[in-house]
Amino acid sequence: MIELLLGTLYGLLVGIVPSAGATTGLVVLYSFMYIFPNEYSAIIFIMATVAASTTADTFASVLLGIPGANSAAATIQDGYPLAKRGKAELALSAAITSSTINGLIWGLIVFLALENLSFIYNYIGSIQLWFITLFAFVCVVLVLGKKWYLGVAGIILGVIFAVVGTDPITNASRLTFGWQYLESGFQLMPLIAGVFAIPQIIDGLLGWSAPVQHSQKSYKLLGIYSVWKHLGLSLRGGAIGAIIGFLPGLGGAVSDWISYGHSVNTTKKPKIPFGKGNIRGVIGPEGSNNAQKATSMITTVLFGIPGAPFAAIIMGLLMYLNIELGDPSLFYDSAIFNSMLFGFLGGTILVAIIMFVLLKPICKITKIPMKYFFPALLALLIWASVQYTGGWEDYVIFLFFSIAGYVIHVLKISKPALLLTFILFERFELLSVQLLTRYIL
Amino acid sequence: MKTHIYAIVLSCLISFWTSFAFADYKMIIPQKPGGGTSQWATIIAKYLEPHLGEKIKLVHIPGARDIPGFNKFHNELQFDEKTIMVSHGGNGVSYLTENVDYNYKDYDPIGGMNLTIIIGEKDLDNKIYFAGGSGNIPDVMGLTLYMCGNLNSFSAYEKCYKDNITFVKGMSGSERRLAFNNGELNITRENPAAYKKHAKAANLLFTHGVFDLETGKVGDDKNHPGKSFDKVFTLKWGETPKGDFYDAYLLVKNYRDMLQKALWMSKDNQNTEKVTEALISMLQDPEAVKAINKKVGEYDWFISKELLDAVNYLEERKNPKTKAYLIKWQRNVLGYNAVDK
Numbered sequence: 010m011i012e013l014l015l016g017t018l019y020g021l022l023v024g025i026v027p028s029a030g031a032t033t034g035l036v037v038l039y040s041f042m043y044i045f046p047n048e049y050s051a052i053i054f055i056m057a058t059v060a061a062s063t064t065a066d067t068f069a070s071v072l073l074g075i076p077g078a079n080s081a082a083a084t085i086q087d088g089y090p091l092a093k094r095g096k097a098e099l100a101l102s103a104a105i106t107s108s109t110i111n112g113l114i115w116g117l118i119v120f121l122a123l124e125n126l127s128f129i130y131n132y133i134g135s136i137q138l139w140f141i142t143l144f145a146f147v148c149v150v151l152v153l154g155k156k157w158y159l160g161v162a163g164i165i166l167g168v169i170f171a172v173v174g175t176d177p178i179t180n181a182s183r184l185t186f187g188w189q190y191l192e193s194g195f196q197l198m199p200l201i202a203g204v205f206a207i208p209q210i211i212d213g214l215l216g217w218s219a220p221v222q223h224s225q226k227s228y229k230l231l232g233i234y235s236v237w238k239h240l241g242l243s244l245r246g247g248a249i250g251a252i253i254g255f256l257p258g259l260g261g262a263v264s265d266w267i268s269y270g271h272s273v274n275t276t277k278k279p280k281i282p283f284g285k286g287n288i289r290g291v292i293g294p295e296g297s298n299n300a301q302k303a304t305s306m307i308t309t310v311l312f313g314i315p316g317a318p319f320a321a322i323i324m325g326l327l328m329y330l331n332i333e334l335g336d337p338s339l340f341y342d343s344a345i346f347n348s349m350l351f352g353f354l355g356g357t358i359l360v361a362i363i364m365f366v367l368l369k370p371i372c373k374i375t376k377i378p379m380k381y382f383f384p385a386l387l388a389l390l391i392w393a394s395v396q397y398t399g400g401w402e403d404y405v406i407f408l409f410f411s412i413a414g415y416v417i418h419v420l421k422i423s424k425p426a427l428l429l430t431f432i433l434f435e436r437f438e439l440l441s442v443q444l445l446t447r448y449i450l
Numbered sequence: 012m013k014t015h016i017y018a019i020v021l022s023c024l025i026s027f028w029t030s031f032a033f034a035d036y037k038m039i040i041p042q043k044p045g046g047g048t049s050q051w052a053t054i055i056a057k058y059l060e061p062h063l064g065e066k067i068k069l070v071h072i073p074g075a076r077d078i079p080g081f082n083k084f085h086n087e088l089q090f091d092e093k094t095i096m097v098s099h100g101g102n103g104v105s106y107l108t109e110n111v112d113y114n115y116k117d118y119d120p121i122g123g124m125n126l127t128i129i130i131g132e133k134d135l136d137n138k139i140y141f142a143g144g145s146g147n148i149p150d151v152m153g154l155t156l157y158m159c160g161n162l163n164s165f166s167a168y169e170k171c172y173k174d175n176i177t178f179v180k181g182m183s184g185s186e187r188r189l190a191f192n193n194g195e196l197n198i199t200r201e202n203p204a205a206y207k208k209h210a211k212a213a214n215l216l217f218t219h220g221v222f223d224l225e226t227g228k229v230g231d232d233k234n235h236p237g238k239s240f241d242k243v244f245t246l247k248w249g250e251t252p253k254g255d256f257y258d259a260y261l262l263v264k265n266y267r268d269m270l271q272k273a274l275w276m277s278k279d280n281q282n283t284e285k286v287t288e289a290l291i292s293m294l295q296d297p298e299a300v301k302a303i304n305k306k307v308g309e310y311d312w313f314i315s316k317e318l319l320d321a322v323n324y325l326e327e328r329k330n331p332k333t334k335a336y337l338i339k340w341q342r343n344v345l346g347y348n349a350v351d352k
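If you read the sequences in order, they're chains F and P. Take the first sequence: its position 140, counted from the start at 1, is 149 in our numbering, and no numbers get skipped. Take the second sequence: its position 160, counted from the start at 1, is 171 in our numbering, and no numbers get skipped.
To be clear, the hints were calculated from the coordinates, so they are not data collected in a lab. Predicted model, so just to flag it, every value in this text is computed and none were measured. Any given hint could be a false lead.
Said to hold, decoys possible - Listed next, the stretches of chain P that the computed footprint assigns to chain F, with coverage defined by at least 3 CB atoms under 8 angstroms from CB atoms of chain F:
1) 159 to 169
2) 186 to 193
3) 297 to 311
Even for Gly, the Cβ is constructed at its ideal location relative to N, Cα and C.
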């Protein structure tokens with residue numbers, strides 16, 4: 010039980026740190042694996058961390074307008090405008106409820122029916138993955154807004170940042186200017202930190218941020234009621250997240266943006282436009298992220314094939330404990346699966362309770378001037394951004410994106426369009442190369 | 012303003028300190044966390060720590076073709092005497108064909124595993140569908156030889172390759188495994204332990220074989236006797252493999268497999284002896300050996316001078332003609348323009 014509590018608290022902490030997310034939190038655990046008394050304790054801790062961080066990454070998205078993780082960027086679209094209107098509690102309460110419901114449903118399905126799900130992978134190949142990624146790409150259109158040219162500028166910048174690295178066909182360097190560090194491309198965390206967080210900090214310090222309205226009214230129950238009212242949307246968001254999680258390599262950002270697109274397309278004549286604080290724009294994406302984390306574990310556990318980056322880290326961590334995911338003999342040790350189930354579901358429930366209790370005090374952060382908490386925020390952003398190698402190069406990239414991010418902010422270039430393009434382009438390019446070399450050339 | 016600047020500097024210092032405050036030794040891995048060599052290094056670090064008596068922090072420095080991590084060790088990190096470098100298979104391939112900074116002969120060898128790679132097939136008909144990246148060059152060359160036999164010119168191999176093999180690019184190892192299982196690919200490649208896990212539906216086509224330092228030849232993999240490449244080739248074509256293409260294949264295969272999981276420290280490092288002794292002691296620990304073998308299979312280690320001997324042996328065979336052949340194959344046939352920059 011103590012592992013569950015500690016894993017949940019750690020996940021909560023990692024989730025709250027802007028731009029960090031589950032993957033960063035798990036990477037840090039490499040240095041501390043020796044503290045666990047046995048493998049079951051470690052599994053409970055790890056799964057609780059994943060569940061808790063995925064729910065908690067909403068805080069930074071809604072309260073600060075900074076994605077708590079790459080998969081929480083879609084929530085900003087309507088969550089942050091709600092916070093600015095004094096309804097942060099409404100957005101967060103709805104997000105927690107939607108995340109928790111779908112986390113529990115898909116967590117139960119996955120860990121109870123795990124052995125019977127492997128047949129699905131006979132029907133998934135590079136063609137199917139290519140079309141799904143293309144579909145997610147189309148969702149960029151949804152974040153273009155009225156000033157479409159600013160959205161297009163975001164897409165172009167997203168592509169430019171994404172192509173930095175190595176050409177997958179020729180292995181030649183692209184836009185690296187001879188700097189080897191860049192040959193594996195820009196990392197997501199410094200980009201999110203620089204493009205989303207730094208402009209918020211600078212504007213906050215200079216007093217240029219749009220005024221945040223405050224309300225004495227409690228929206229906690231209204232948030233829960235909103236999910237009840239839009240339960241179908243939340244469950245469909247969860248189903249989208251679950252399907253994307255099934256497919257290896259696509260990741261949380263894809264599922265969140267497809268869910269967001271689904272929320273937009275299934276809302277006829279919205280009273281509040283999307284992008285301005287429509288609660289359906291929070292419920293849909295938040296329904297998908299915990300479900301995606303749960304189903305990403307299927308290929309990981311069944312075949313030892315990580316379904317997402319965080320799952321690859323889990324495989325490495327469990328290897329430290331002599332547990333090799335994908336090994337059929339694991340199925341003889343039911344305690345491993347019980348630990349996974351307990352950790353994931355327990356973490357999902359516990360973090361929801363903690364977040365509901367802390368909702369009111371945490372929402373007060375919007376009332377605190379940036380000058381009082383920016384050093385802590387900056388330290389956390391830097392910490393998250395330099396977990397890649399820990400070398401001086403990570404700091405340089407952080408600085409680069411901080412400057413570029415502020416310029417992008419001043420020019421009002423669409424940040425969501427940039428981020429979504431950056432995330433999807435690499436995947437889309439690789440899948441296109443696979444299709445070309447396998448079926449066409 | 013001054014307070015803000017102090018706060019920013021303090022933020023940087025805190026984040027830097029927390030990255031390295033909990034370890035004595037650093038182990039540099041030229042891969043992302045979760046990759047095969049990263050998992051191997053995780054196990055080694057875990058079991059090495061008690062014998063070393065100090066904590067080891069894993070530092071991942073990933074990058075294209077595993078080069079940036081090893082280059083960074085060569086240019087900066089090796090000067091910290093408590094830094095251990097883990098070399099990966101891709102490093103061997105890159106070392107042969109690209110202008111990298113690192114050079115195995117510049118370091119103190121600690122130890123490494125003498126490994127091989129297994130090639131499996133499923134429903135293999137006339138045409139091979141195989142996926143990989145630059146680290147899979149030896150596999151592609153072995154498959155080309157297997158399909159084409161001994162040919163007398165580069166262009167003959169080029170034509171045979173184009174007629175018989177589709178090399179799918181852009182797939183990660185995970186995707187390759189799924190694609191093999193669902194039939195998009197009909198060839199897979201794995202290290203011996205992963206082969207058992209990921210290629211259950213496969214028929215073992217060949218192993219690249221294991222290099223024997225005493226005889227100077229590639230022999231059978233004791234885990235799969237009679238299935239080494241040379242034997243399988245001879246059985247199929249009625250003659251032993253030979254020629255420039257085969258020499259190039261053998262060179263790149265040995266560089267990849269003999270140095271694909273090895274530990275190095277800076278030259279004349281005062282801690283080399285201590286780390287080597289800890290490694291030797293670790294390899295007497297049955298629990299450690301069991302965990303390592305579970306990950307990569309049951310294979311021998313080159314310890315200290317043996318690893319250096321292996322490097323020296325490879326260096327002697329790195330003649331310009333073979334290297335040029337290898338580069339030409341990668342550039343002209345596989346389309347890897349980055350080689351020999």
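Status of each hint after checking the structure:
Given a C-beta distance limit of less than 8 angstroms, the hint that chain F covers the segment 159 to 169 of chain P is violated, as 0 residues qualify and 3 are needed. Figure legend: the segment 186 to 193 of chain P, annotated as covered by chain F; annotation consistent (6 residues with Cβ-Cβ distances under 8 angstroms, at least 3 required). Three residues within the 8 angstroms Cβ limit are the bar, and the segment 297 to 311 of chain P against chain F gives 3, so the coverage statement holds.
Figure legend: structure checked against the earlier numbered hints; the only hint not met is number 1.
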